[in-house]
Amino acid sequence: MAGVKTRTSDSQERSWNLSSLPNYVVLIILVVFALVPLYQLGINSFKTRAQIGLDPFGLPEEWLVSNFTEAWERGKYATTLPNSVILTAATIFFVLIFAGMAGFALARLRLRGADYISFYFLVGTAVPPQFYMVPLFILWRTLGMINTFHGLIIIYVAQFSPFSTYLLRSYMVSIPQEFVDAARIDGASNWQVFHKVIMPLSWPGFLTAGLVVGLGVWNEFLFAQTFLPRPEFKTIVTSLYAFQQRDGREWGLTNAGSVIMITPVIILFLALQRRFIEGLTQGGLKA
Amino acid sequence: MFRRVLVVTLLLAALGVGVVGAQDGVTITWWTQSAAMPSNIQAVLVDAFNAAHPDITLEMTPQENLNETLRVAIQAGEAPDLLVTPGASFIAEFVDAGLVEPLDDAAAELGWADKILDWAYQSGQLGGVLYSIPLTYESLVLFYNKTVFEENGWTPPTNIDEFNAIAAAAEDIGIFPLTYGNATWQPSNEHLMGMYLNAFAGRENVYKALVGEIPWTHESIAGATDLLRQHLVDDVWYSGGLENYFANGGDDIRVELATGDAAMMLSGTWNFRGIGQFFEEAGTEWDWVPIPPMSDMAGEYGYELATGTTVSVNAQSPNKDAAIKALDFLISDPALVLQLAADVGFGEWVVPVHFGVDDFPEGTDERVVRFFSDFAAVTGEGRIGYTTWTFWPNDPNVHLWEAVENVWWGDISVEEYLEEHERLWQIERDSGNLLPVPAPAMGGM
Chain A
1 MAGVKTRTSD SQERSWNLSS LPNYVVLIIL VVFALVPLYQ LGINSFKTRA QIGLDPFGLP
61 EEWLVSNFTE AWERGKYATT LPNSVILTAA TIFFVLIFAG MAGFALARLR LRGADYISFY
121 FLVGTAVPPQ FYMVPLFILW RTLGMINTFH GLIIIYVAQF SPFSTYLLRS YMVSIPQEFV
181 DAARIDGASN WQVFHKVIMP LSWPGFLTAG LVVGLGVWNE FLFAQTFLPR PEFKTIVTSL
241 YAFQQRDGRE WGLTNAGSVI MITPVIILFL ALQRRFIEGL TQGGLKA
Chain B
1 MFRRVLVVTL LLAALGVGVV GAQDGVTITW WTQSAAMPSN IQAVLVDAFN AAHPDITLEM
61 TPQENLNETL RVAIQAGEAP DLLVTPGASF IAEFVDAGLV EPLDDAAAEL GWADKILDWA
121 YQSGQLGGVL YSIPLTYESL VLFYNKTVFE ENGWTPPTNI DEFNAIAAAA EDIGIFPLTY
181 GNATWQPSNE HLMGMYLNAF AGRENVYKAL VGEIPWTHES IAGATDLLRQ HLVDDVWYSG
241 GLENYFANGG DDIRVELATG DAAMMLSGTW NFRGIGQFFE EAGTEWDWVP IPPMSDMAGE
301 YGYELATGTT VSVNAQSPNK DAAIKALDFL ISDPALVLQL AADVGFGEWV VPVHFGVDDF
361 PEGTDERVVR FFSDFAAVTG EGRIGYTTWT FWPNDPNVHL WEAVENVWWG DISVEEYLEE
421 HERLWQIERD SGNLLPVPAP AMGGM
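Going line by line, the protein sequences match chains A and B.
All the letters of the first sequence, read from the start, carry residue numbers 1 to 287 under this note's numbering.
All the letters of the second sequence, read from the start, carry residue numbers 1 to 445 under this note's numbering.
So that you can see chain B by itself, here it is in the shape it has in the complex (with noise of 0.2 Å):
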């Protein structure tokens, strides 16, 4: 009995034994996170570089704690050719450690900054240097259940004033205005803040105090941060309250805007990917419009810019060249980027390049080409506003979301709160590790 165990256990173990040889000429790796990976990825993107490119292998590999495993690879000198991050603020600790290669040189010799989207392009830049090209970008709208808003013969809001006036209605008829938690991701308080700032504190206040003209603590700031405050707290507009929003998960949030026990749902264009089932089981409609302005100060409203995972060329590769042909075979088909995209229900995979309305795929839903066409128009106008998760150091970034809740339990004043988030705001600046911030259109508002 113990030699057949000790037979077939040897065996088992010898099946493990087994180092993956090295393939024929260049093999270039990309480890993406799996969340996020379409499933076509090898037909649409591996298969045709690999195709195009008959010296060059292109080997695609899904990582599912793809931070841990890739931080551990990089420190023993194991990573892979493409590094892949969550977003621009972490490129900064990998360059400050020597690991991104620059891409100037390849981005003037193959027209980048003509294929990427203009404030795309800039948000990969430090110091003035490219070092990541963005994997998707996003942005925050107001989700609405439609057929809620058709049986009380509401319109969608335009400004703070119809705002007002649809929560005050919600309330007669004993829904919530809004819905939103943060039981699953404590980071979507700063969905939130970031939406009051750009629609109340407008786009050109939020502008200058990113670059420093004002400081944090300014009214404008200080407005918007305690606007949040309100509708949260004292107004309990949030799915009944402070106790409720922290209990909400993702689908609880999309089952109370789909079951019409809310109103309204302020959140990012990364719901386009599962919204509609929970509506289609509910047997409800929902739909999407800009945020609307909130104060005089915001003037038009716009569109709130966001860079989520970027993708960058490691220092150490051997093939470096290889890996800058794969990143420019994504970025120069609009037609394929959007096959990716619409995989992941346009959740992900969004690279930031031009495309028109042609370019998608038949059979994507309406709502999204609307996004999507109007989200160019108006950016292209400068009308655009800041997601603290792309335009916010590291720092700043975890405070504002992390300290606000301080200020919704009445721990601390809005003005606290505030003073503490310029004072990190200056140690960013002053050792130099502010991010590009892209200019809006100035004196509209």
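For reference, chain A alone in the conformation it holds in the complex (with noise of 0.2 Å):
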């Protein structure tokens, strides 16, 4: 009997394997997928370019460790990098307040014309910048802000906070509505509700909206090279021009280059990757 037992135990595991093989296949399919690119990325980020050209797949003659240190020095990364961070940061921070209280008040307070002003929003998302790019710069040299960063992100903030209210609505309409509810008998108020109840259940959705702002200011261009021209003001991305020239690209320090850039956005992804997954699942899904 217990040979009997075991057998279809056995049998229980074969078909669960075998059942399980396509899966992963496509797995394996997908981070191979995945992982070329960076396997790529990082062994061309120790090669010359002629080298890279000649060879694109195969590991280096010589581990050219100095890729590094030139494309950190020519691409004035000590410049860039901390400008990045500075524009990344404050603009996350004013976009999560912006959009946080504009998602609450569309979820939550049954506001006349909400629905308008969610349209308003998506609208303004699908202008192309190119549009509105030459009044705008008017307006801001008249202002005095070009050249500075809180210009910069004040654009930046307009820019990404209808799509961060999105996300934060369609995460807050997924909070039971007892929990507003019992705040409510308590006797709090709107601003209390928002900020002891709704924020902190709503964290992974903000954690997601500002990873994904992050990212779209971590990688922007236009509006960086248009409105902060000047050197001591530019951003990480226009790092990777210095490596352009007009026979072609010197793709050994572009790639070394590109290391660096995405390595802090790789880090803290990997740190937060859970609470990231978690909030773009649980706010789409119950949006």
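Because the hints were derived from the structure by calculation, they are not lab data.
Values in this document were obtained by computation on a predicted structure and should not be read as measured data.
Even glycine gets a Cβ: it sits at the ideal position worked out from N, Cα and C.
Examples of chain A residues lying across from chain B (beta carbon under 8 Å, computed): (1) 48; (2) 50; (3) 51; (4) 54; (5) 137; (6) 138; (7) 146; (8) 229; (9) 230; (10) 238; (11) 244; (12) 245; (13) 248.
Derived contacts from chain B toward chain A, CB cut-off under 8 Å, selection only: (14) 61; (15) 65; (16) 69; (17) 75; (18) 271; (19) 277; (20) 278; (21) 281; (22) 348.
A short list of chain A residues far from chain B (calculated; beta carbon distances all over 10 Å): (23) 19; (24) 22; (25) 24; (26) 30; (27) 34; (28) 43; (29) 110; (30) 123; (31) 174; (32) 201; (33) 260; (34) 271.
Two chains, two frames, some hints: make the complex.
In structure tokens:
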């Protein structure tokens, strides 16, 4: 009897394994698909441009660590990295404040015309930046905000708030009404409901919005280049242009510069990935 | 927690507050494309100029996306004192908008016509008025894998028969006669079109077409266009065929040449900057020769004239005189120019001033010095050719490199292509938007 049980158990296990095989195949393909570019980025960051051209997938004959120091100097990362950190941190902070409150209002306060406001936000995100670039530049120049971080932060906050509002609204809608009702019974005002109840429960949503906004600002080029033309205000994206030449690109330095650029983002993502994915899926599913 | 985050972020944001204040004295601003900027420009040009002019401060600012940034700045009245454009053909729209200061008076006073190569000086004129100075010049040559040539006992071609013979020999040993591609820069088509026009139709016919004495449908132009199509499509000489041509990027073609997968490459002297490292890595050697004449119409070999980026003085600048002094400082010192050019491998900042062999910095590659010496001698005799990006107005220029692909794919005939090209040229002639064209030495073909 015991032998029969064992066979049944083994059979079930084999059956489970076989049925899972396609999943593993797909997952392995996806992992390879995701990792090969990173592998190539990594190994090519230690090669010369000519070595990359002659053997783009092979290991370096000589590991050129000097690519990283040269990329750091030529790309002026000592200037551009802190600049991007300032812009990113400040933009995330203000976007989360404004989008959090706006999302709360749209999700919970039953505002008159809330749908129209949402539609307005949606239309706002669809307008191409080139459409308003010149008048905005003239206005910013008049206000003395060219070549200032706060000038660009205001633009970024305006650009990224509509999306974040949508995301946070979706998340807040999914929070059970009973929490809010309980707070109301205890005499909480709208601000207290937002600050003491909704915000703590929406923390994964805020985190998700913050990461999406952060990545957007970190990688933004057009406005950073136009509104911060002076060298001391350049952002990290512009560093990669230091390796462009008339006859092509210094790919070894470009890869090394890219590694420098994405490392902080990868570290941040890995540290917060569980909350990040949780926020993204929860907000999307319950919207 | 919330308060701590608020305080930290406000501090970070506050760091950004601080509009750059004006400096004492006259400050002139010069934006330049960051990819083309020599790393020694601050010491060699900016600091030297500022030391020589205590009342003026020159600020050189690299821009990653200069065209777009400049356009926005111009519209907002924030443009720098010195305006850099990608080429002479871009100046016309700035001139039409009244944005560029005429430089004739300054040029006469400071003797610029004697300091700048004559054809390059002329290329900065529109309607007989000088508006810009070329910041660099270049030409097109035949690069070849010297190691492959030596191993097979070949000598670089000097005429079309030798060119054809080497192409056949290359095919016999299983390598591509030529390599090229446009995957990373579609206008690369115009490099080949320009070379075939000059090398087959000849400088005299191209000149006549440029000034309207013969139409672009002329048999010499049609012959040049068809010869390129034949080499590219029928003979599959370029990297094995049209599909590979469209798939090849800049580094791919250098790899093909350096590894000996291809024997030759028709391309620009901007390759001086980076081609060496590919050959060094592959353990082979490179060299160059002038493009061989491809027909009896072409006469002796010559060099195509090409200016790259240009610099002009902003007509709205309050510091025009200081800006002109900066330009004069640059073009008055050939050794200074060559120091800048050497830093970027003579691929940029070869300002077209008169320099001799002795002006080149020590250690300059002999092949580079040989080119500039021969270029000066040959073009001085009037054996000049015309690059499409320097002497074609914008619309015909775009048509030239864009629509020629339809010829290659067999969608239109050479005649249909040239009829449309002629029509676009006629529009430019009617509107008076033609660029100055120096005449070649005539009758030698």
